[in-house]
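Respectively, the protein sequence lines represent chains A and B.
Quick note on our numbering: the first sequence kicks off at 1 and runs consecutively.
Quick note on our numbering: the second sequence kicks off at 1 and runs consecutively.
Treat each hint with caution, since some may be false.
[Stated by the list, open to error] Taking beta-carbon pairs under 8 Å as the criterion, some of the chain B residues facing chain A (in silico): (1) 32; (2) 38; (3) 46.
By construction, these hints were calculated from the structure, which means they are not laboratory data.
Where is the CB? At the ideal position from N, CA and C, for every residue including glycine.
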Amino acid sequence: MTKSELIDKISQFQDQLPPKDVELAVKMILEEMTQALVNNQRIEIRGFGSFCLHYRNPRVGRNPKTGETVELPGKYVPYFKPGKELRERVNAGIGK
Amino acid sequence: MSALTKADIAEMLYEELGLNKRESKEIVECFFEEIRLSLAENEQVKISGFGNFDLRDKSVRPGRNPKTGEDIPIEARRVVTFKPGQKLKVRVENYAGSE
Chain A
1 MTKSELIDKI SQFQDQLPPK DVELAVKMIL EEMTQALVNN QRIEIRGFGS
51 FCLHYRNPRV GRNPKTGETV ELPGKYVPYF KPGKELRERV NAGIGK
Chain B
1 MSALTKADIA EMLYEELGLN KRESKEIVEC FFEEIRLSLA ENEQVKISGF
51 GNFDLRDKSV RPGRNPKTGE DIPIEARRVV TFKPGQKLKV RVENYAGSE
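Hey, can you work out the whole structure from these sequences and the hints?
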């Protein structure tokens, strides 16, 4: 499922709202979530999961083309931990 | 700083998009529920600019009860992984705020 398919599905349940408004709402939800992570604010969605940042230590890497070593600074990466309901629903499909 | 929740997101839609409170709440519920439905049907979810929710089937592996030391196999299971998109990664990697 892609972002535009997700917008279509939500629109089917919100038939009193123009699809353009649903599209805007979805974009705003994603921007709000991104902005939270940019500020290192955790996101907690009950039954879905939580997002937070994890720190990666600086390391010495290598340019695969030239073989030259490069110092890579420490950085933050987004991390998602699925919630209980999501884990259970996804796992229930395994035998099917 | 407390965590961002569904209620906060719905409040933002109400204030900034002019939807009523019920519509705002429903859209937020529906947003996460549709992602869950897709994943429960073993279909990956790709949100461009944000990231992909992928599915991985894990096979059985030997496990152990850490309390009793008893060997218990860990059953085969399907798990969700999140792979952040390039845009999201670039935006968060330089976070330099004080911890």
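Right, here's what the structure says about each hint:
1. 32: holds, 5 Å
2. 38: holds, 4 Å
3. 46: This interface hint holds because 5 Å falls under the 8 Å limit.
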